[in-house]
Amino acid sequence: MRIAPAWCWLAAVIASAAAAADLDEVRRRGTLVWAADQEGGGPHVFPDPADPERLTGFEVELADLIAAELGVKARFQQGQWDRLPLLLDQSADCVINGIELLPERRRDYGCSRPYFGYALQMVGRRGTPPAALADLAEPGPAGPWRVGVLTGSAAEIEMRARVARGEAQLEVIGYDGTIDSLEQVRSGVLDAAVLDDCIFTFYADRFAELRTIDRPFAGGLYTVLTSRRTPRLTAAIDEAIGRLIADGRLKAVYDRWDLAGRQQMLMLRDAAEIPAARRRPLGELVRQTLPLLLSSAGMTILLSCASFPLAIAIGLAVAIGRLHGPAWLKPVLTGYVELLRGTPLMLQLYAIFFLLPKVGLALPAIAAAIAGLALNYSAYESEIYRAGLKAVPPGQFEAALALGLSKWQALRHVLVPQAVRIVMPPVTSDFIALFKDTSVCSAITVVELTKRYSVLALSTGRIVELAVVTALLYLCMSWPLSLVARWFESRLERPGAAPH
Amino acid sequence: MITIESLSKSRGAVRVLEAVSLAGAEGTVTALVGASGSGKTTLLRCLNGLETFDAGRLSVAGHELTPGPHAGPRLDRLRRDVGMVFQQFNLFPHLSVVENVALGPRVVLGAATEEARAAAVALLDRVGLAAFATARPATLSGGQQQRVAIARALAMRPRVMLFDEPTSALDPTMTTEVLDVIVDLARDGQTMVVVTHDHGFAKRAASWVVELAAGRVTRQGPADAML
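Here the protein sequences line up with chains A and B, keeping their order.
By the count of numbering that gives the first Met the number 0, the first sequence reaches residue 499 at its end, each step adding exactly one.
By the count of numbering that gives the first Met the number 0, the second sequence reaches residue 226 at its end, each step adding exactly one.
So here's chain A without its partners, still in its complex pose (with noise of 0.2 Å):
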């Protein structure tokens, strides 16, 4: 849990430098390994509701069809889907998972022909606003329009160049999950979502509360992504879907799945070439890039010293309570530092964020960050508080209690002020910790640096130089943090120190 991907990230491009395997390769091994996230759903790739440990979709058979045709075997690779492309140095030959040919993809990977033709689709709550794409001009009843997105789509991009033009006033709000905005869409969390209209067309019968918005628009066309340095597996790969569009198997499939099969072929008959993006010099993409990463260390600064604080102060009532409450008290205590310390981070945020709307609880994004980071937290502070109060010798408890003071006046003058200076080093260390732990929160649509970072540096292709740049942001954050920490630590153990 306490990682920072980031970090992590970027040892393992430099791990993966020549890591990419070529048709030969495949041949030789028998298995083309094509990545996709399961986690995005139908129609693409997802588990079979009759059968959840079989993958099913139309790409999954797509990948059955071009591992065929290579002569081998296809074999799936899960991953996070806006980061899918990334695997491609590493794990995985490709990646058949909605990848939208865009130019910058071009630049940056080996790209198959298209396989498929896709229309962006705005879903709205049937009966409320937004009634229309062109509502999405003026602001909603409540300030400026909600709308998720796939993080990393293009309906991500077209949205924003939307709100970039100024001809929309909304909030995109980016989802790891496509099925997460249509969640969110139900339960009145976002005004709208904006995604492929194959998947709202897939998913509508489960979300009968939701409606089409306006016709689809803003298309485009997917691709399977490989890596530039196994130029022979893109162009067998490319051939291959050639060959299954010429003879009708691609047809075939996409009329299986209810998605116009015909209409899907006229598409890709016609598409036209997209030409490869300009590499932008190192200045200019700092330049372009700092000001937002600045922003997101702003949001990592905000959720840390808002979060840490409330940790604290749970954490000690909670750590009074277990020790000196009624006897009651203690077992529920002792269960709740158990639940959230052998629970993962995420899946309380996603509990939070997503669970509690269903029972009429809908917190904004930010506050749900801070209140899953602080009560996560505070499970640790209060184990660490609790060891402090034992570690007050019992004499000091007994003086002040001979000395007329109630139990809660002896915690609250004596006792807690001698732990706060025992626990100081562990508690420092838990902020830096929980400093970093803030980029989980990305998984609830919180756009911190870590997150900043990730979708900078796949729309950019500037991986490497991107997370030097998002390191040294981190470092300036931390260590000031550290030696402020020290700073503290070393006042409150000199002799003489105001207490109060």
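It cannot be assumed that every hint is accurate.
With the C-beta cut set under 8 Å, the calculated list includes, among others, these residues of chain B facing chain A [to be verified]:
hint, residue
1, Asn-47
2, Phe-91
3, Val-106
Label pairs and their in silico Cβ distance ranges [said to hold, decoys possible]:
hint, chain 1, residue 1, chain 2, residue 2, range
4, B, Pro-66, A, Gly-324, 22 to 28 Å
5, A, Gly-394, B, Asp-179, 21 to 27 Å
6, A, Lys-389, B, His-69, 20 to 26 Å
7, A, Trp-327, B, Ala-212, 39 to 45 Å
8, B, Thr-217, A, Pro-325, 38 to 44 Å
9, A, Arg-411, B, Thr-51, 23 to 29 Å
Keeping only pairs whose Cα atoms sit at most 20 Å apart, straight-line, the calculated EDC-like set for lysine to aspartate or glutamate is [to be verified]:
hint, chain 1, residue 1, chain 2, residue 2
10, A, Lys-250, A, Glu-60
11, A, Lys-406, B, Glu-50
12, A, Lys-406, B, Asp-75
13, A, Lys-250, A, Glu-68
14, B, Lys-202, B, Asp-183
15, A, Lys-72, A, Glu-24
16, A, Lys-72, A, Asp-237
17, A, Lys-406, B, Asp-80
18, A, Lys-250, A, Asp-196
If you are wondering where the hints come from, they were derived from the structure by calculation, not from laboratory data.
In this text, a Cβ means the ideal position worked out from N, Cα and C, and glycines have one as well.
Model the placement of chain B on the given structure of chain A, informed by the hints.
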């Protein structure tokens, strides 16, 4: 001022105190003497409710205690009138000397900070430590710390003062410093109960001596007759 009647206490199968009775009038200094494990410290700690007892009656400074667990607020009131000084001093290390002495009046009696501080400095002056008001307890010698502890207890203007082997952790010079303070208090008419196994100390300070062995009172009488 102090009455104990047939007080008994067990810890598991062990009888720690067995039908102990004694009385201490206002202004008297009672010394509890006896070998280690005779129950004298336990008896002292029963007097301010740090220990509970199983049977008997106990009254101190007008407060009654009954067998079994004590209710919190009742104990808090008793302890305002009964001060205690420990063998290991138990000063609060995170507070300065003057803050140690002022804490009780400030927190328990609600005295204003400045007022409590001035009273604390006066008490420190009385035990000869006014110069150390802003020092941390850890920088003081054992004898000085014990005198601060006495000042801390006195700050609550207790009607009864309890001393649990106040000089056992001290060398002879420091013992004398502390003893002088206690004798001085006795001269002022402070009611006190002192646990000690230093007979010289008992002789100098006490007016009444109670000797315990294996949880029972074996002898008691006026200090001159007993020692």
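Each hint tested on the structure:
1. Asn-47: holds (6 Å)
2. Phe-91: OK, holds: Phe-91/B within 8 Å of chain A, min 6 Å.
3. Val-106: holds (5 Å)
4. Pro-66/B to Gly-324/A: 22 to 28 Å: Since the Cβ atoms of Pro-66/B and Gly-324/A sit about 26 Å apart, the hinted range of 22 to 28 Å holds.
5. Gly-394/A to Asp-179/B: 21 to 27 Å: Once the Cβ atoms are compared, 25 Å apart, the range 21 to 27 Å for Asp-179/B and Gly-394/A holds.
6. Lys-389/A to His-69/B: 20 to 26 Å: The hint (20 to 26 Å, Cβ to Cβ) holds, given that Lys-389/A and His-69/B are roughly 24 Å apart.
7. Trp-327/A to Ala-212/B: 39 to 45 Å: holds (43 Å)
8. Thr-217/B to Pro-325/A: 38 to 44 Å: holds (42 Å)
9. Arg-411/A to Thr-51/B: 23 to 29 Å: With a Cβ separation near 25 Å, Arg-411/A and Thr-51/B satisfy 23 to 29 Å, so the hint holds.
10. Lys-250/A to Glu-60/A: holds (12 Å)
11. Lys-406/A to Glu-50/B: holds (15 Å)
12. Lys-406/A to Asp-75/B: Since the Cα atoms of Lys-406/A and Asp-75/B sit roughly 9 Å apart, the hinted pair holds (cutoff 20 Å).
13. Lys-250/A to Glu-68/A: holds (16 Å)
14. Lys-202/B to Asp-183/B: Holds - the C-alpha atoms of Asp-183/B and Lys-202/B are around 14 Å apart, at most 20 Å.
15. Lys-72/A to Glu-24/A: Given that 20 Å is the threshold and the Cα spacing comes to 13 Å, the pair holds.
16. Lys-72/A to Asp-237/A: Holds. Lys-72/A to Asp-237/A sits at ~17 Å (cutoff 20 Å).
17. Lys-406/A to Asp-80/B: The given pair, whose Cα atoms are some 17 Å apart, holds under the 20 Å limit.
18. Lys-250/A to Asp-196/A: holds (18 Å)
When the structure is compared with the earlier hints, no violation turns up for any of them.
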